[in-house]
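Asks: Taking the numbering used here, the leading residue of the sequence shown gets 1, the next gets one more, and so forth.
I should point out that these hints are in silico values taken from the structure, not numbers from a laboratory. Worth double-checking, as some hints may not be accurate.
[As the list claims (entries may be wrong)] Here are the computed lysine-lysine pairs in the BS3-like style, where the Cα-Cα straight-line distance is at most 27 Å:
hint: 1; residue 1: 250; residue 2: 196
hint: 2; residue 1: 383; residue 2: 359
hint: 3; residue 1: 181; residue 2: 211
hint: 4; residue 1: 291; residue 2: 348
hint: 5; residue 1: 257; residue 2: 291
hint: 6; residue 1: 196; residue 2: 181
hint: 7; residue 1: 553; residue 2: 533
[To be verified] Quick list of the computed label-pair ranges, beta carbon to beta carbon:
hint: 8; residue 1: 674; residue 2: 605; range: 41 to 51 Å
hint: 9; residue 1: 460; residue 2: 551; range: 36 to 46 Å
hint: 10; residue 1: 464; residue 2: 550; range: 57 to 67 Å
hint: 11; residue 1: 423; residue 2: 259; range: 49 to 59 Å
hint: 12; residue 1: 899; residue 2: 755; range: 27 to 37 Å
hint: 13; residue 1: 739; residue 2: 674; range: 16 to 26 Å
hint: 14; residue 1: 739; residue 2: 702; range: 17 to 27 Å
hint: 15; residue 1: 923; residue 2: 423; range: 55 to 65 Å
hint: 16; residue 1: 739; residue 2: 423; range: 27 to 37 Å
hint: 17; residue 1: 627; residue 2: 554; range: 44 to 54 Å
hint: 18; residue 1: 856; residue 2: 550; range: 38 to 48 Å
hint: 19; residue 1: 499; residue 2: 247; range: 42 to 52 Å
hint: 20; residue 1: 284; residue 2: 534; range: 37 to 47 Å
Cβ atoms here follow ideal geometry from the backbone N, Cα and C, with glycine treated the same way.
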Amino acid sequence: MKKLLIGLAVVTVLGAGAGGGWYVFGRTGNPVENARKLLAKGDVRGAQIELRNAIKANPTAPEPHLRLAQLQLQLSDAVAAEKELKVARDLGSDPTVVTPLLAQAYLAQQRYADVLSEVKAEGVEPVEAAKLLVLRAVAQIGMENPQAARISLNEAQRLAPDNLEAPLTMARVAVVERNFKEAEALVDKALMLNDKRADSLLLKGQLLSAKNEPAAAMDYFERAVAAAPNSSGIRMERANQYLVIGQDAKARLDVDKVLATEPRNAAAVYLDMVLLVRTGRYAEADIAAEKLAPVLTRFPRGQYFQALIKSNLGQIEQAVDAALRYVARAPDDLEGVRLLARIELAAKRPERAIAALQKAVDAGFNDAETMDLMGRAYSVQGKPAEAARSFQEATTLAPLNSDMLTRLASTRMQMGDTPGATAALERSLDLKPGQANAGEALVAAALSSGDAEKAKAALERLRQQVGNTESVGVLDGMVKLAGMDIEGARAQFAATAQQFPQSSIARVNLAKVLILLNRRSEAEGVLNEMLAKNRADPEALTTLIGSLLQENKLPQAVVALEAARAVAPTNVGLTAALVDIHVRNKEPKRGLAVLQQARSTGALPPQLMVAQARAQAADGDTAAAKTTYRQILAGTPNELEVRRALVELALNTGDTAGARDALREGLKLSPGNLGMMTALIITEQRQSGTAAALALADELRRDPANMPAASVIKGDAYMAARRYGDAAATFSAEMKLTPSTGLVLRTAGALAAAGGQEQAAQQLRSWMEGHPDDADAAQMLASLDITNGRGADAERNLGIVLKQRPNDAIALNNLAWVYQLKGDRRARGLAQRAHLLAPTGETADTLGWILTREGAAAEGLPLLQLASTQRPNDKSVQFHLATALGQTGRREEALKVLDAIIAEPGDFDERGPARTLAEQLRAAK
Numbered sequence: 001m002k003k004l005l006i007g008l009a010v011v012t013v014l015g016a017g018a019g020g021g022w023y024v025f026g027r028t029g030n031p032v033e034n035a036r037k038l039l040a041k042g043d044v045r046g047a048q049i050e051l052r053n054a055i056k057a058n059p060t061a062p063e064p065h066l067r068l069a070q071l072q073l074q075l076s077d078a079v080a081a082e083k084e085l086k087v088a089r090d091l092g093s094d095p096t097v098v099t100p101l102l103a104q105a106y107l108a109q110q111r112y113a114d115v116l117s118e119v120k121a122e123g124v125e126p127v128e129a130a131k132l133l134v135l136r137a138v139a140q141i142g143m144e145n146p147q148a149a150r151i152s153l154n155e156a157q158r159l160a161p162d163n164l165e166a167p168l169t170m171a172r173v174a175v176v177e178r179n180f181k182e183a184e185a186l187v188d189k190a191l192m193l194n195d196k197r198a199d200s201l202l203l204k205g206q207l208l209s210a211k212n213e214p215a216a217a218m219d220y221f222e223r224a225v226a227a228a229p230n231s232s233g234i235r236m237e238r239a240n241q242y243l244v245i246g247q248d249a250k251a252r253l254d255v256d257k258v259l260a261t262e263p264r265n266a267a268a269v270y271l272d273m274v275l276l277v278r279t280g281r282y283a284e285a286d287i288a289a290e291k292l293a294p295v296l297t298r299f300p301r302g303q304y305f306q307a308l309i310k311s312n313l314g315q316i317e318q319a320v321d322a323a324l325r326y327v328a329r330a331p332d333d334l335e336g337v338r339l340l341a342r343i344e345l346a347a348k349r350p351e352r353a354i355a356a357l358q359k360a361v362d363a364g365f366n367d368a369e370t371m372d373l374m375g376r377a378y379s380v381q382g383k384p385a386e387a388a389r390s391f392q393e394a395t396t397l398a399p400l401n402s403d404m405l406t407r408l409a410s411t412r413m414q415m416g417d418t419p420g421a422t423a424a425l426e427r428s429l430d431l432k433p434g435q436a437n438a439g440e441a442l443v444a445a446a447l448s449s450g451d452a453e454k455a456k457a458a459l460e461r462l463r464q465q466v467g468n469t470e471s472v473g474v475l476d477g478m479v480k481l482a483g484m485d486i487e488g489a490r491a492q493f494a495a496t497a498q499q500f501p502q503s504s505i506a507r508v509n510l511a512k513v514l515i516l517l518n519r520r521s522e523a524e525g526v527l528n529e530m531l532a533k534n535r536a537d538p539e540a541l542t543t544l545i546g547s548l549l550q551e552n553k554l555p556q557a558v559v560a561l562e563a564a565r566a567v568a569p570t571n572v573g574l575t576a577a578l579v580d581i582h583v584r585n586k587e588p589k590r591g592l593a594v595l596q597q598a599r600s601t602g603a604l605p606p607q608l609m610v611a612q613a614r615a616q617a618a619d620g621d622t623a624a625a626k627t628t629y630r631q632i633l634a635g636t637p638n639e640l641e642v643r644r645a646l647v648e649l650a651l652n653t654g655d656t657a658g659a660r661d662a663l664r665e666g667l668k669l670s671p672g673n674l675g676m677m678t679a680l681i682i683t684e685q686r687q688s689g690t691a692a693a694l695a696l697a698d699e700l701r702r703d704p705a706n707m708p709a710a711s712v713i714k715g716d717a718y719m720a721a722r723r724y725g726d727a728a729a730t731f732s733a734e735m736k737l738t739p740s741t742g743l744v745l746r747t748a749g750a751l752a753a754a755g756g757q758e759q760a761a762q763q764l765r766s767w768m769e770g771h772p773d774d775a776d777a778a779q780m781l782a783s784l785d786i787t788n789g790r791g792a793d794a795e796r797n798l799g800i801v802l803k804q805r806p807n808d809a810i811a812l813n814n815l816a817w818v819y820q821l822k823g824d825r826r827a828r829g830l831a832q833r834a835h836l837l838a839p840t841g842e843t844a845d846t847l848g849w850i851l852t853r854e855g856a857a858a859e860g861l862p863l864l865q866l867a868s869t870q871r872p873n874d875k876s877v878q879f880h881l882a883t884a885l886g887q888t889g890r891r892e893e894a895l896k897v898l899d900a901i902i903a904e905p906g907d908f909d910e911r912g913p914a915r916t917l918a919e920q921l922r923a924a925k
């Protein structure tokens, strides 16, 4: 807890006039007798009462006013003391007594200018003048003028060589000037003359504390308290030192002792606040802070603690205000900067947190904790690349911090850098083996990279460390699924759901595997059981709706969403989904009715306005739909997807002028946006023909704000007009001006579309001679190689891609296809990795077909069913499905699929094998 040190010692050392306890009170005659006796017994309040009674009895007597002022100074009530001292002065008290005390009252209020204007050393005896010069020096220290303080103190020592306060105050000047060696020498000299003097002992302790010698410092604080047991200032210094060395209980004893007699003692209230913070009692600490409000800024970390308290009480804006004020006063205090950043993050303002931290980093304060917090702020802001850089710097500065390594891994995973994430997680687990979160993340990273064996090994390591927890059970099912043990995954998820009845993730995953196995009724049963407990369970509802939509069970999907909305009527996502399903079910009016109901509680948010526009368009009211889209853009003009939807609607209704206007407006807001420019070219082509579109392309290219993206739009215009040769020539000409991967890919694409696949391949080969590591060019060339039966060339080019992007699912999938064509057993493993990385229809088809060809049709069938659902018009995928159905004994289903694709017009590679398979299946009957 050392970070919560209050810096009270600094207050006392640097501003002794603010209550440090080094003044010598009561230098004049005896007080009123009754008050004296009470004070001797420690009854400060009783003494006050007696003195006030004396004043009431004889208000023109100066002595009670003077003694009461001395007592008020001791109680840290400088304002009241000042009032009584001025009364005593006006009633004729000795100026040599009143003036030093009045100076102390001013110093306690930090009214340094008043000291210098009212306290003069001229015209008094040398001994008294020396005392006044010391007080003036304290004021000059407070006004940050140590040179003037030295002059005053030198004069004081000349006038009264035996005055010990002058060298002690000179020591404080040396502290201000950071000349600690001189300061300590002066204090040691004073202690040689009188080793029982409390203020000398106190200052020695402060200096040792500043030198980070806490044990030695504490010894001097103990001696100072023993020398002046009734000095609250010295006792508070000891309490502060107790906090420094972590002895909070002893600090509490000192604080309570002072508060018992001086409840308004600012230093005691301050330390009370700190102790309350350190025990998490923020509401009580806030009360203490309120008491300190008029003087809080006198304590170096006052506003820091105020911000900390307000933050923990949820009073974020007040916390931000206090933190900003503190950082403005102490910009070099990294604890304050980090506190401000954490509060801004709590307020969901990561950009402000980053700005505060960046200012500190620019000033050279880039320690590990600051960079780690910077990474967290970037993560919240949705900038994983910047977050990863910050976390990387943090782990470089603190290489043994396992938590920072885990956060770095999480960010790398978010960026898709699975190898980097895995390396960070492994390092984190080496440093701190028992981290369940890091262990789970390592399994997930291995799965994300498609490395099922590594995931399995990481899972077993995790199981040994934490046992068979819910997370381990879920991950076990995922590892089995990665290894294509689909039935094993189903059994594992079911077992985990049974062992942990509250596990939603196990049940949802069980349902997903059942869907994969085409056991949809069982899956829907699992999901409906979950929804019976929570109709709006997001995972269960999303999975159920997805399954129902795949089966085209739209009415059932509507029922499920309406039940969810009944318990979560303000959930915008549920409302939008329900509207879209009504539209899909050709019932847009029902969708609009849902929106009308939602509108009764207030204006529709943008997401529901988009749903409204789609429903209006489906209902035939395109004018209303356009109006809705324009209303959205009026409030959020940079919503490109909404603008695209408006343009598409305008084009579909023949309103090309409206589409063009919307696109030009969007391009003004987002110059150089290739999607906008391409859509504008297509719109111009529809309205005015190819020549006008080409002229517009030239116009857009001339605007520097649209470059370099505009360099391709003229070729794109030719592509849209299906003038592929002209497109290829245009792209080629641009290549000579500004060669780039994008242009070479477009050139090759245009050549291939024009029927020149060999020319396209040659274009890519020529480019790769000068750019042998261009993965994008290698990927496209590999696709052409596969299409034209150049398996060895495709394998080589895919190797270039995977060397740079080992988790490129497309390259893995294509290489698996190449391997299966030549019977290479590596095909299955690559296909599994590709499907794990990107579970699409394409990867499901590749893996399912490889499994079927290897004699594992039962395993391949669920994948091919998934591929068939996602790619219903791909006849090759349907042929693969029919083959798996036939091999698993489902002849009728297989024949139904085969008859459908054979009957459709158009050719496909497997038409002959499809006829042969159909004949074989019919003969087998």
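Asks: So, for every hint listed, does it hold in this structure?
Replies: Results for each hint:
1. A C-alpha spacing of about 23 Å is found between residue 250 and residue 196, which places the hinted pair at or below 27 Å, so the restraint holds.
2. Pair hint residue 383 plus residue 359 holds up; C-alpha atoms about 19 Å apart against a cutoff of 27 Å.
3. With a C-alpha separation of about 11 Å, the suggested pairing of residue 181 with residue 211 holds against the 27 Å cut-off.
4. For the suggested pair residue 291 and residue 348, the alpha carbons sit about 30 Å apart, so the restraint of at most 27 Å is broken.
5. Of the supplied pair hints, the one linking residue 257 and residue 291 holds, its CA atoms being roughly 18 Å apart against a limit of 27 Å.
6. The hinted pair formed by residue 196 and residue 181 meets the criterion: a straight-line CA distance of about 22 Å does not exceed 27 Å.
7. Taken as a hint, the residue 553 and residue 533 pair is honoured in the structure, with Cα atoms around 23 Å apart against an allowance of 27 Å.
8. The supplied range of 41 to 51 Å is broken by residue 674 and residue 605, whose beta-carbon atoms lie about 29 Å from each other.
9. Taking 36 to 46 Å as the suggested C-beta distance range, the pair residue 460 and residue 551 conforms, at roughly 38 Å.
10. Between residue 464 and residue 550, the C-beta spacing of about 40 Å breaks the proposed range 57 to 67 Å.
11. Range check, residue 423 to residue 259: about 55 Å between beta-carbon atoms, so the 49 to 59 Å window is met.
12. The beta-carbon spacing between residue 899 and residue 755, approximately 33 Å, falls within the hinted interval of 27 to 37 Å.
13. With their beta carbons about 18 Å apart, residue 739 and residue 674 fall inside the hinted range of 16 to 26 Å.
14. Restraint check, residue 739 to residue 702: a C-beta distance of roughly 21 Å satisfies the suggested window 17 to 27 Å.
15. The supplied range of 55 to 65 Å is met by residue 923 and residue 423, whose beta-carbon atoms lie about 57 Å from each other.
16. Between residue 739 and residue 423, the C-beta spacing of about 35 Å keeps the proposed range 27 to 37 Å intact.
17. Distance hint check for residue 627 and residue 554: the Cβ-Cβ separation is about 28 Å, which falls outside the suggested range of 44 to 54 Å.
18. About 24 Å separates the C-beta atoms of residue 856 and residue 550, a value inconsistent with the hinted range of 38 to 48 Å.
19. For residue 499 and residue 247, the hinted distance range of 42 to 52 Å is satisfied, since their beta carbons lie about 48 Å from each other.
20. Remark: the range hint 37 to 47 Å for residue 284 to residue 534 is upheld by a beta-carbon distance near 39 Å.
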